[in-house]
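Asker: Fit chain B to the supplied structure of chain A, relying on the hints for placement.
Going down the list, the sequences are from chains A and B. Counting from 1, one number per residue, gives the positions in the first sequence under this note's numbering. Counting from 1001, one number per residue, gives the positions in the second sequence under this note's numbering.
I should point out that these hints are in silico values taken from the structure, not numbers from a laboratory. Certain hints may be false.
[To be verified] Straight-line alpha carbon distances no greater than 30 Å define the calculated BS3-like cross-link-like pairs of lysine-lysine that follow:
1. A:Lys15 <-> A:Lys78
2. A:Lys54 <-> B:Lys1003
3. A:Lys41 <-> B:Lys1003
One letter stands for each residue in the lines below.
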Amino acid sequence: EAGVTQFPSHSVIEKGQTVTLRCDPISGHDNLYWYRRVMGKEIKFLLHFVKESKQDESGMPNNRFLAERTGGTYSTLKVQPAELEDSGVYFCASSDQGAVEAFFGQGTRLTVV
Amino acid sequence: DAKTTQPTSMDCAEGRAANLPCNHSTISGNEYVYWYRQIHSQGPQYIIHGLKNNETNEMASLIITEDRKSSTLILPHATLRDTAVYYCIVRVDVVTSGTYKYIFGTGTRLKVLA
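So here's chain A without its partners, still in its complex pose (with noise of 0.2 Å):
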């Protein structure tokens, strides 16, 4: 069975840009979350998604960021404009209904320069 994977692995674009950062879950896993680590800090969680409906985007940043998840299977999440600051690493994990653990994908390393 496949795991979580995400698209690209590794992204590097220029201030200002806009780039898109995608996630395929666990088939058949309802909820998907995506979470970051930036520079020296800690992973911390973005948002969570149940099918297509946004459940808690309490984590994120600020509106430049917007994650959709259009059918409930793959989901984006796409940074305009990109800021220096938002370089990192971004995961995504899912996990089905009642499930004790999320499985996280390995992570596309976002690089704005």
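Answerer: Then chain B, alone, in the frame of chain A:
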């Protein structure tokens, strides 16, 4: 904000037990303690979790103090492949949605030495 504190790094000899401490003095009564680890260039991987009682699985043991203010992850016979960053996490339940989220600590970088 992190609800856990962990030592930045630890070394352990191969074959010996690795004991990784974690403080979570502000944990609430219904919040679980989770441990994940991250091996270089991979995503965090689940190890074990617990609420009040000590837990053991095929990977590790989790010892939680009676007051729940701290816990210890034990890898009974560390191998070189256990070299990783170990995260102590508090799972916070979001009452309004019936869901949860993880609050990560900064992690302990464990190096297993041959």
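Asker: Indicate, hint by hint, whether the structure satisfies it.
Answerer: Hint-by-hint comparison with the structure:
1. Proposed proximity of A:Lys15 and A:Lys78 is supported: the alpha carbons are some 14 Å apart, at most 30 Å.
2. About 24 Å separates the Cα atoms of A:Lys54 and B:Lys1003, which keeps this hinted pair within 30 Å; it holds.
3. As the CA atoms of A:Lys41 and B:Lys1003 are separated by approximately 14 Å, the hinted pair is consistent with the 30 Å bound.
The structure fails none of the hints (numbered hints given earlier).
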